[in-house]
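S.K.: Whenever a hint applies, use it, and build me the whole structure from the sequences.
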Amino acid sequence: MTAVVRAEGLTKYYGRRRGLEDLTLDIRPGEIFGYLGPNGAGKTTTIRLLLDVIRPTRGHVRVLGADSREAAVRRRIGYLPGDLALEEREPGRAYLQFLGKVRGGVPAARIDALAERLDADLSVPMRKLSKGNRQKIGLIQAFMHEPEFLILDEPTGGLDPLVQQEFLAMVREVRTSGRTVLMSSHVLAEVEHVSDRVGIVRAGRLVAVENVAALREKAVRRVEFHFDAPVPREAFEHLPGVRDLRVAGASVRCTIDGRPDPLIKAAARFTVVHMVSAEPDLEEIFLTYYSGEDHDHDRQVSA
Amino acid sequence: MIAKCLRDWRRTLIWWTIGIGAFMALYLGTYQSIKQAPEIYGPAGLAKFPGALRDLMGGLEDFTSGTGYLQSVVYQLFVPFLFIVCAMVLAGRALAGPEEAGTLELIVTLPVDRRRLVLERFASIALGLLAVAAVTLLVTWAMAEAVGMGVGFDRILAAHLGVYLLALLFGTVTLAVGAATGRKAAASAVMGVWAVLGYMVVTIGRNVEAIAWLKWVSPFHYYAEGRPLYEGLPAGDYLVLAAATAVLALTAVLAFDRRDVGV
Ligand SMILES: Nc1ncnc2c1ncn2[C@@H]1O[C@H](COP(=O)(O)OP(=O)(O)OP(=O)(O)O)[C@@H](O)[C@H]1O
Ligand SMILES: [Mg+2]
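As they're listed, the protein sequences go chains A and B.
So the mapping is simple: the numbering used here equals the position in the first sequence, first residue as 1, plus 60.
So the mapping is simple: the numbering used here equals the position in the second sequence, first residue as 1, plus 1.
There may be inaccurate statements among the hints.
[Claimed, not checked] No farther apart than 35 Å at their CA atoms in a straight line, the calculated lysine-lysine pairs in the DSBU-like style are these:
| no. | chain 1 | residue 1 | chain 2 | residue 2 |
| --- | --- | --- | --- | --- |
| 1 | B | Lys5 | A | Lys188 |
| 2 | B | Lys5 | A | Lys191 |
| 3 | B | Lys5 | A | Lys161 |
[To be verified] Every beta carbon over 12 Å from chain B, so not counted as near; a handful from chain A, in silico:
| no. | residue |
| --- | --- |
| 4 | Arg170 |
| 5 | Gly192 |
| 6 | Thr236 |
| 7 | Ser237 |
| 8 | Gly301 |
FYI, nobody ran anything at the bench for these hints, they're computed from the structure.
Even for Gly, the Cβ is constructed at its ideal location relative to N, Cα and C.
M.R.: Structure below.
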């Protein structure tokens, strides 16, 4: 299958300001791709290039197998802008109907169903809505024509936790139906649970593309065991992946890299009364990418 | 798209129609009293006005004939400029306004070709202005009949068509500059300067040798030179206005097609 996005050497300068430098990236059909980076990293720039809102300085990009300049392909895309601006005077419903009509028709029932799910108010002029309630209208218009490819620039901005959950459920449904999503965010936690892969941009460059499952496997995990009797330190030393080992009486604390299997097997020889395993702290890894302290991490896993 | 534009502009269009219509009605309504005071408003009376003012008002030769009054008061300065400002407002809302507000970003990501988008915006301006022009034409004609001006409908139609073409031209200037720069203020400024200088050139400037040639780039030359109220439809001049509008619309299309939106 052809890639949903195929960017090669994509570069954008705003005059002399760098927006994005030499982005080469494939997004595969059916995946959810999280696009992460600090403020001003180039996320919005990338997304606008995909949608032909702005034109690349160098390089090129194909979206859904077509040149990004072809207007017809945009019928198959749903887009939520990062700086969403809605028409002030118009009520949400009229605006959504207009957008739906230009995209080739969207059943009114589908708009209503989405509005109900997100608890959006479509009857008042949009200037009267709060930030989060505008964002809901932005989400509805992106999802309503059931596009093959959803591009969401900071979709959760302004949404309360309940609506965020509903939104993530909607994203999962999109994946279930085999469609593709690209969503940007500042923090991993927001996209971690739905994304298959994440890409990290910093200062205009893509510094890493990682598989979330693989990352989780690789991540450092803090583990604690409590036994019914004191255990010998030797039983846990030199296990693969185990570091920072501290044995104090009947308790063992350590961090592990990768699979916990050897550690579990070692612990199983004693009587375990209590065990604590913290969620892998992926955020820590990402903060290293963000700040750019660790250049050894500049790798790109792309398959 | 066009229907949406016109719906969004509905309020503006209605208010401008009412405004211009009321202006017409008011001024044409006073014609009766002016006709009865030839000592003030006849050629001799008007000669007392300062020369520069007379030039600015297109000569002020004659107020007491229906044609002269209609020309001087309605079609010389006020109504064309009202229409031009109306066109400028609409054109500002067509592209540059939404671009500055940020709403254009979603519109350009719809499955509509950018060139088509600009053409549709142009068509919206043309249709919106046409609606205002059609209603005010009827008002003018009705008032002219009511006060007994003795000007034929064909002449008023010819003059009104000129106003429409002139306003559409300036509206397209605004659209083109807005399409090329994305700035509403810049677009209005360029249009305003061209309109004011263009008007001066064909009025006060017409006797100044050094700048007389500038009249060829002033749309007002093609608007007024044929004296449509007196001599009927100046087809050649109007074609120049229409052709210039077409060229500007094309410029707007090409300029917008190659630009980054919203930067
Ligand atoms: N219109 C513009 N003119 C000039 N420079 C711009 C413009 N838009 C973006 N930039 C620059 O391009 C770089 C990338 O900006 P971009 O908006 O893509 O960042 P981002 O990753 O979306 O950030 P945020 O998380 O704050 O939304 C920034 O350094 C920014 O200053
Ligand atoms: Mg952004």
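S.K.: It remains to establish, for every hint, whether it holds in the given structure.
M.R.: Comparing the hints with the structure gives:
1. Proposed proximity of Lys5 (chain B) and Lys188 (chain A) is supported: the alpha carbons are some 21 Å apart, at most 35 Å.
2. Between the alpha carbons of Lys5 (chain B) and Lys191 (chain A) the distance comes to roughly 25 Å, so the proposed pair stays at or under 35 Å and holds.
3. For the suggested pair Lys5 (chain B) and Lys161 (chain A), the alpha carbons sit about 11 Å apart, so the restraint of at most 35 Å is met.
4. Distance to chain B confirms Arg170 (chain A) as a non-interface residue, since its nearest Cβ pair spans about 18 Å, more than 12 Å.
5. Distance to chain B confirms Gly192 (chain A) as a non-interface residue, since its nearest Cβ pair spans about 18 Å, more than 12 Å.
6. The non-interface label for Thr236 (chain A) is consistent with chain B: the shortest C-beta to C-beta separation is roughly 25 Å, beyond 12 Å.
7. Interface exclusion of Ser237 (chain A) from chain B stands, the closest Cβ pair being 21 Å apart, more than 12 Å.
8. The claim that Gly301 (chain A) lies off the interface holds: its Cβ sits roughly 47 Å from the closest Cβ of chain B, which is beyond the 12 Å cut-off.
Checked against the numbered hints listed earlier, the structure breaks none of them; every hint is satisfied.
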